[in-house]
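Novice: Single-letter residue listing:
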Amino acid sequence: MSTSPPLRSSLVNESLVFAGQLLTHWRRAPIVPIQSLLFPTFLLITYYLLVGKSIMKITGTDSLYGLVPTCAIAGAFSGALAAGLTLCLERDRGLLSQLWALPVHRASALTGRLLAEATRTLLSTAVITAVGVGFGFRFHGSWLALLLFLLVPILVVLVFAMAVIAIAVRAKDGTTLIWLGLPAITAVFASSGSPPVESLPSWMWPLLQLQPMQPVVDSMRKLAQGSIPLESLLQTLIWTVVMTAIVGPLAVRGYRAAAQAGGARG
Amino acid sequence: MTAVAVLTERIVRDTLRDDLPFAVLAPAGNFVIFNLALRNVIDTGGISYSQYVLPVIIVQVTLLGALTTVDRATRDQQSELGVRLRTLPISTVAPLAARMLYCLFRGGIALLATIAIGYAFGFRMIGGLGYLAAFTILVLTLTLALSVSADAAGVWVAGTSIAREGGSSQILLVPQLLLVMLSTGMAPVESFPDWLHGFVRYQPVSQVTETLRGLASGHVEIGNLTTTLAWCVGLLVVFGALAVRMQRRTQ
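So the sequence lines, in the order shown, correspond to chains L and H. For the first sequence, our numbering gives the first residue as 1, with consecutive numbering after it. For the second sequence, our numbering gives the first residue as 1, with consecutive numbering after it.
These aren't lab readings, by the way, just hints derived from the structure by calculation. Think of the CB as a built atom: it goes at the ideal place given N, C-alpha and C, for glycine as much as any other residue. Please note that the accuracy of each hint is not assured.
[Stated by the list, open to error] Simulated coverage check for chain H against chain L, where a stretch passes if three residues somewhere in it have a Cβ under 8 angstroms from a Cβ of chain L: (1) 40-50; (2) 171-184; (3) 192-205.
[Unchecked claim] Ranges between beta-carbon positions, derived for each pair: (4) Val-17/L / His-197/H: 51 to 61 angstroms; (5) His-140/L / Gly-46/H: 37 to 47 angstroms; (6) Val-12/L / Thr-92/H: 19 to 29 angstroms; (7) Arg-84/H / Gly-20/L: 50 to 60 angstroms; (8) Val-12/L / Thr-160/H: 36 to 46 angstroms; (9) Leu-129/H / Lys-57/L: 46 to 56 angstroms; (10) Val-252/L / Asp-18/H: 27 to 37 angstroms.
[Unchecked claim] Residues of chain H placed beyond 12 angstroms of chain L at every Cβ, according to the derived structure: (11) Ile-90; (12) Ile-162; (13) Gly-214; (14) His-219.
Just need the whole structure built from these sequences, with the hints factored in.
Specialist: Here it is in structure tokens:
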């Protein structure tokens, strides 16, 4: 029996297969659609109804332009966390090891997963933005700005998903992920502009300016308002590159170890 | 030791690492975040926001605790151990009673944690000891009412595909969010858009938080107290009966 060498394009094809498998799986398990789509959408609606009128009275600006990006990013994060929970189960059931034993490109399981995360995020950002439009959110930028607006959450969630993978494949169960999720989602909300930064204690201001979610939400807000915020976009990019350099190798190494371990039940 | 005591101890040991810490951390975290985020945004009239918001933090933590109860009931019902327990010479409601005792224990811890963090941020029980006792009893009654409803829901969905994926509690995440965020527990009714006033004013979380706020300050409206008690007792009776019935059903 002769074995033919793998095709050069196999990484792309196999990533697509893995991504498709995950998307189907997520669609059927209620936790991922709820965490990535339903919950952030209703969070946007309820939070806007709660603070919208008060913020308008205080600042005279519509808080929606901060809240739509905030809920899009927060939803992408909570979706990635929900997907990470199933990753723990897949490891324990031995599914990761079964996939590892398939005659496919070794990287494709991870690239496929990231591709699925990106697809899910694109979809949920679009839905959340559409709901925002229903409440009076208007996109004032060009088509290029809209493209960037949709790309920023994807860029951020890819890094976050790598962090989730790095932790989930090592953790005993999903509880550990909460310690990643809570500070991250809090940081996103702290960047929303609702509440206005001035209403928070002054010792927090420098922290709020320096944390990585600030330029992310800020760039999306400005893109929606019709400018191209080069500085914020550049900061977002620098954060993304630096964090990828840290969590990327951790995710790859951890995934390999988990896949080669063969699952908790053998 | 009785069966209920043993089963309760089992749950407490089981949750010492993953659920009980959140009974303390969730109220502390939510209180600090909401208080920081909204105290200069929401106009509550005369009283400070920490005094205003504490009741809804308690209700929210109770609701979130009830979500974990849904999952626990589902797990107990469909696990091999759950099947084994139903063959033992113990009362069929013993596992349910143990889960409810655990919920009260968890609720008590969450209440203590909330009041402790509230005191650090300026919340005060102005009414005195009698009102403190009434406050505690009302919170624990609400905890039991919501827990028994959650348990009935959890057992009911056990066996469905949603339950197998471990997502039974997820379905209740959005209703919980709507009730908490769009209530007078978070902000006075004037802060909401006009078309929403009817819902915000009369929905149960608004009613319950208003009673709790009244008890904390020492003035309770009789009409409001009656509504709150009606909700608590109603949930307790209806879902209590359902939950007990579910336990008796054989597979």
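Novice: So, for every hint listed, does it hold in this structure?
Specialist: Here is what the structure says about each hint:
no.: 1; hint: 40-50; verdict: holds (count 4)
no.: 2; hint: 171-184; verdict: holds (count 7)
no.: 3; hint: 192-205; verdict: holds (count 3)
no.: 4; hint: Val-17/L / His-197/H: 51 to 61 angstroms; verdict: holds (52 angstroms)
no.: 5; hint: His-140/L / Gly-46/H: 37 to 47 angstroms; verdict: holds (41 angstroms)
no.: 6; hint: Val-12/L / Thr-92/H: 19 to 29 angstroms; verdict: violated (57 angstroms)
no.: 7; hint: Arg-84/H / Gly-20/L: 50 to 60 angstroms; verdict: violated (40 angstroms)
no.: 8; hint: Val-12/L / Thr-160/H: 36 to 46 angstroms; verdict: holds (38 angstroms)
no.: 9; hint: Leu-129/H / Lys-57/L: 46 to 56 angstroms; verdict: violated (40 angstroms)
no.: 10; hint: Val-252/L / Asp-18/H: 27 to 37 angstroms; verdict: holds (28 angstroms)
no.: 11; hint: Ile-90; verdict: holds (29 angstroms)
no.: 12; hint: Ile-162; verdict: violated (5 angstroms)
no.: 13; hint: Gly-214; verdict: holds (22 angstroms)
no.: 14; hint: His-219; verdict: holds (26 angstroms)
Violated hints, listed in ascending order, are 6, 7, 9, 12; each of the other numbered hints is respected by the structure.
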